[in-house]
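A.B. asks: In order, the protein sequences belong to chains A and B. Residues in the first sequence are numbered from 1 upward in steps of one, following the UniProt record's numbering. Residues in the second sequence are numbered from 1 upward in steps of one, following the UniProt record's numbering.
Just so you know, the hints here were simulated from the structure itself, not pulled from any lab data. Yeah, the Cβ is synthetic: ideal placement off N, Cα and C, and Gly gets one too. Hints are not guaranteed to be accurate.
[Unchecked claim] Taking lysine-lysine pairs in the DSS-like style, the calculated list, with each CA pair at most 25 angstroms apart, reads: (1) B:LYS292 <-> A:LYS264; (2) B:LYS747 <-> A:LYS262; (3) A:LYS154 <-> A:LYS176; (4) B:LYS746 <-> A:LYS264.
[Claimed, not checked] Here are the simulated distance ranges between beta carbons: (5) A:HIS81 <-> B:LEU704: 57 to 65 angstroms; (6) A:SER407 <-> B:ASN106: 36 to 44 angstroms; (7) B:LEU704 <-> A:GLY372: 36 to 44 angstroms; (8) A:THR274 <-> B:ALA29: 57 to 65 angstroms.
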Amino acid sequence: MVLHRYWLHLSTIVLGLASPSWASFENTRVTRSVDLGGSLVYTTTTYNVKALEDGSNVYLFALTEKEQETTSWMEAKVKGHTAPLSLENHGLSHDATYYYSVALPKALDKDQTASLVLETVQAHAAYPFPPEAAQDDRQALKYDTDLFVLSPYKSLTQTIRFNTVGFPILGYTQPKEVAFTTGTIAAKSNSGGAIVFGPFSDLPPSSNTDFIEKHQQKISIFYEFGFPMLAIRSLRRAVEISHWGANLNIQDEIDLYNAGPKLKGQFSRLEHQTQVYQHRQAPHVLTELALQLPAGIHSAYYYDTIGNVSTSHLRIAPSASQGGLPGRSSLLELRPRYPLLGGWNYSFTLGWDSHLGDHAGWDAEKGRHVVGVPIMTLFGGAVVEDAEVKFVLPEASTDVEVFPPFSPSSFSSAMHTTYLDTTGRPLVVFKYKNLTDKHTGIIYIAYKVPLSAHLKKPTAVGIAFFSVFFVAFLWKRVDLNLEK
Amino acid sequence: MALAYSLPSNLAPSTVQNTASFLRIIALAFISGAAIASRLFAVINFESVIHEFDPWFNYRATKVLASQGFYEFWNWFDPTAWYPLGRVVGGTIYPGLMATSGVIYNILHALNLPVDIRNVCVLLAPGFSALTAWATYMFTKELKDESAGLLAAAFIGIVPGYISRSVAGSYDNEAIAIFLLMFTFYSWIKALKTGSAFFGTIAALFYFYMVAAWGGYAFITNMIPLHALVLILMGRFSSRLYVAYSSWYAIGTLASMQVPFVGFQPVRTSEHMAALGVFGLLQIVSFAYLVKAHVSSKQFQTLLFVSVVTIGILGTLGIVGLTYKGYIAPWTGRFYSLWDTGYAKKYIPIIASVSEHQPTAWPSFFMDLQFLVFLFPVGVVLCFRELRDEHVFVIIYALVGTYFAGVMVRLMLTLTPCVCVAAAVALSTLLDTYIDPRMPDTTDTPAPDTDRVSVAGATTSEGTPKKTKKDKTPAAEVTQKASINDFATGFEVLGSILEKDKPPRVAGLDSRIVVVGVALYLLVFFVQHCTWVTSYAYSSPSVVLASRNQDGSQHIIDDFREAYYWLRQNTREDAVVMSWWDYGYQISGMADRPTLVDNNTWNNTHIATVGKAMSSTEEVAYPILRKHDVEYVLIIFGGLMGYSGDDINKFLWMVRIAQGVWPDEIQEPNYFTPAGEYRVDAQASQTMKDCLMYKMSYYRFSNLFGGSTPVDRVRNQHLPTTGPTLDYLEEAFTSENWLVRIYQVKKEDSLGRDLKSANAFVEGKKRKRAKPPVRRKAIVASS
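Whenever a hint applies, use it, and build me the whole structure from the sequences.
C.D. replies: Spelled out as structure tokens, the structure:
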């Protein structure tokens, strides 16, 4: 079994990390925009860079320790291009900074400029504050970060902007004694939903302990958030490919919890029903979830440890092979058994069947089947702390090759025996940590199934039936009685 | 001889026999299919879920067995039940059901069929109902013939009286017990007919299985001795009876003592003494017969008779004396309640509080058995016509079964197989008579039709065991002769066999058509009735309730599971939940939390403690709750939805059971109005209004009505607009339709005050804060 790690096929870069402040670049302008959400916080940082030497082609991004800890997804692009650049992690440097290097598609000559965009998603970076809220309280979150964006290069100007999703910012830290600026340090927008720190000018290279100790400041943003703050403790996806049934079964075991402020006091159904009746539902209470499932599915099921949950609606969109438009998806609206208040858990299982043809293809060149399955069902705004994707391939399939969209934290394979199996089915397991809604992608898996493998099941069933008949025949026809 | 209708005459007898045998297999397969299919309404209308209360415990135990193996299960001590006492599960259950599912589960998994244990449990009862149909077929075949057997199998397959306890999901001991009952009876009859120790042993083994599976085994323990005793009294003692009974009793009793829950009961309790007594009697009687065979003197025979009677009397006196001395346990209360229906209500209210222990209402006989009710006596009367040993058995079974079914609703189950057998005998006799094409004839020439062959095949088994063996010889002759194409001789031989029992014959075709038509109509209507009753009355899981939306679609009310799942997911794993015992098994099965009391009602005092807590004031109940580490109290409240099986309606039983232990503190009359009515509205007695159950049920209920008069939809009473308040408990969760309400017990006040004054203090402060602010501005303005 070969695990392709094509994302690591990088040009050989040799970097002297001992002196990352190689002044091959200069940031003419650094703007960071932080979209404050619930479990997930999205940052977009634009670096307008100018090369100081000819042939500068490796640019370094710097992340603080805290950012490194919470960041679960990052992507760098040249502004205006769609193709992402390959990022290479260089680990922790002695400056208490994590460096990521990126190879520019075209080396810059002296004084040439480029614009690089670094997008990241941080999981569990914002936290409920106060940590407890009563049933009819609002939901307020706090996000801690640093005032200055770190960079191993000099920066001419730098701003950092925080946006909420249409809810007011309730408070923020007013930085004191800030260098590099003369004007207002923090400016709140008129609507109250955004705040800008800066601009700061003429910053020296900041990703070093010296700068951090002298100038870096902690700031916190305190804001309201009007949606339930969802997190998934674990999501186990099992994909079973059956050639005899021409079926692809996907089953998700989901352990969901409300990561918002913990419920203060007790849950009052009366209060909840009044809120629902008056259409002023508490923002942190999850009563319903809408999920997008693949098109053309059938036999969907939704149950938990103690049985079926009857409160769900599924609108199935026809798949492309059934004459539907491509890109459509089925919509599942499901309600947990009980409304999910702050800190409450709800684990359940969701599964469906779909026509194998909708997900499989034939690689004529290599004579093998290729099946593609999305890595997970998207839960908007939720972080999946622990994910596992398990593929059960047809019995006795060989030459298995997998192509995950990004590298798993662990990968293993085993054998799995289930209905009507004699030798068992190959099983491959991918494990991921902290998946977010940016981690969309399809795991492709290629394998060969010889004809003899296809015939295994009918042979086994045939032999079983025949032996039953044979035993019945002996039972009826052979008389061992001594008396005649 | 004249025929009412013509039959093909060119068929070899062996062809007819083979075809008949093939058709029987097909018919049995279809009957099994129908038996299984009709029990699947619950799965199709709802889902594959375990039903009701006790099945949840069985399911939980089976899960332990399947996941941890038999020895772990055998030694399982469950610390979460009967908190803080715990329960030795392995020694206090009938493990047959769980062991059966465990074996099936392991076999399926060994065959690479990884079926979920829940589905094994849910579908066990339907699967065994197919086996019951087969066992009933075998039993009835011994009684009359194969065609009666097929009818009996079809009846038992779909009769509601049996379906009521064996629908898919009804994972209870009865699910397998009826099959074991019928098969034990079949092998007993077979052993008795043939005098075979082999069949006696088979009967004993199935008796052992039955003992391991269901407490109702006592029915077999007393039926077989009763049958043997009646046979002796009828002067039908034979070596066959001696061999059959002795092998059954000796092996069966020793085997049954291996079940830990039964242990030494077979030799130490009164329920089992009849079997022992008859065993002893048989030894004496057979000894007497032996001596009689060897001694001819008249005087000596008299002496022998007297001594045998004396020994018999002495033996009986011995048993009575041992009972009196206490070596043999007297009859249990449950047993007494079978003779005196008022007994349980007086002395053991826990038993009386269960609805299925009430006497049966007449309509339920018709509901459960439909037209079998009318055929049943006919079948019993027909048994008197031949009155072989097995017919005596059915007659006794019918009498005993009818009595028990009249005393207790749940014992309808044991009557049902007997009704099916007797009704099948009756109907089959009717059909035999009216389908037989031969007309009344004065000449005694044998009938030249082939149908007689199959009838002949059937009648051969009718004779006494000895005769059966003899009959085989001519049958074999027939086949031989048929092979040399000499049909006529073959039929002559057959005809001569048949002449021994001349069946009554019917003239004309019209009378046949009318009678058979009516019988068919009754059968079709029976099927219709069974399907209807099964789908509407017996297929509700009771964990899930169903109602209809306005557009006619099904709306599922899932409050129980909502609350249980909330407990399971959002409370501490060791949080003790107190509820009335009905919900104990469900809480431990679905919510996985420790409970104070459950449906295994072994400790009356513990149940009474819960009853006391529920029926006392908060101040009295609070120390009880704290001493038992109770963290949550769960109650069922149907007032909003109109669910009549709620705790307020069961409340009087809690009061009665608590009164049985604390007669000074809890008195039932205090919970009634002065006029003697049981009310929950403004006129309710003060004791009622102050008790914990009332307060928990109606806490915040009136707020739901937004100022208008609150109505309790179950009891149709108007409640006061200001509801009760709680000081020692707080509402923790209420399900969507307010069906399940869970309260958390507050911890002691940290300042050492009692919770009532602490609450008053907090509320007092709140009230102050709520006062309108002093209008300083006005003062400023005036000055």
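A.B. asks: Now tell me, hint by hint, if it's right for this structure.
C.D. replies: Verification of the supplied hints:
1. Using a Cα cut-off of 25 angstroms, the hinted pair LYS292 of chain B and LYS264 of chain A is violated, with the two alpha carbons roughly 90 angstroms apart.
2. Our distance criterion of 25 angstroms between C-alpha atoms is met by LYS747 of chain B and LYS262 of chain A, whose separation comes to about 20 angstroms.
3. Between the alpha carbons of LYS154 of chain A and LYS176 of chain A the distance comes to roughly 22 angstroms, so the proposed pair stays at or under 25 angstroms and holds.
4. Restraint check: the Cα-Cα separation between LYS746 of chain B and LYS264 of chain A comes to about 14 angstroms, which is no more than 25 angstroms; the hinted pair holds.
5. Distance hint check for HIS81 of chain A and LEU704 of chain B: the Cβ-Cβ separation is about 60 angstroms, which falls inside the suggested range of 57 to 65 angstroms.
6. At about 41 angstroms, the beta-carbon gap between SER407 of chain A and ASN106 of chain B stays in the expected band of 36 to 44 angstroms.
7. Between LEU704 of chain B and GLY372 of chain A the C-beta distance comes to about 52 angstroms, which lies outside the given range of 36 to 44 angstroms.
8. For THR274 of chain A paired with ALA29 of chain B, a C-beta distance near 59 angstroms keeps the hint of 57 to 65 angstroms intact.
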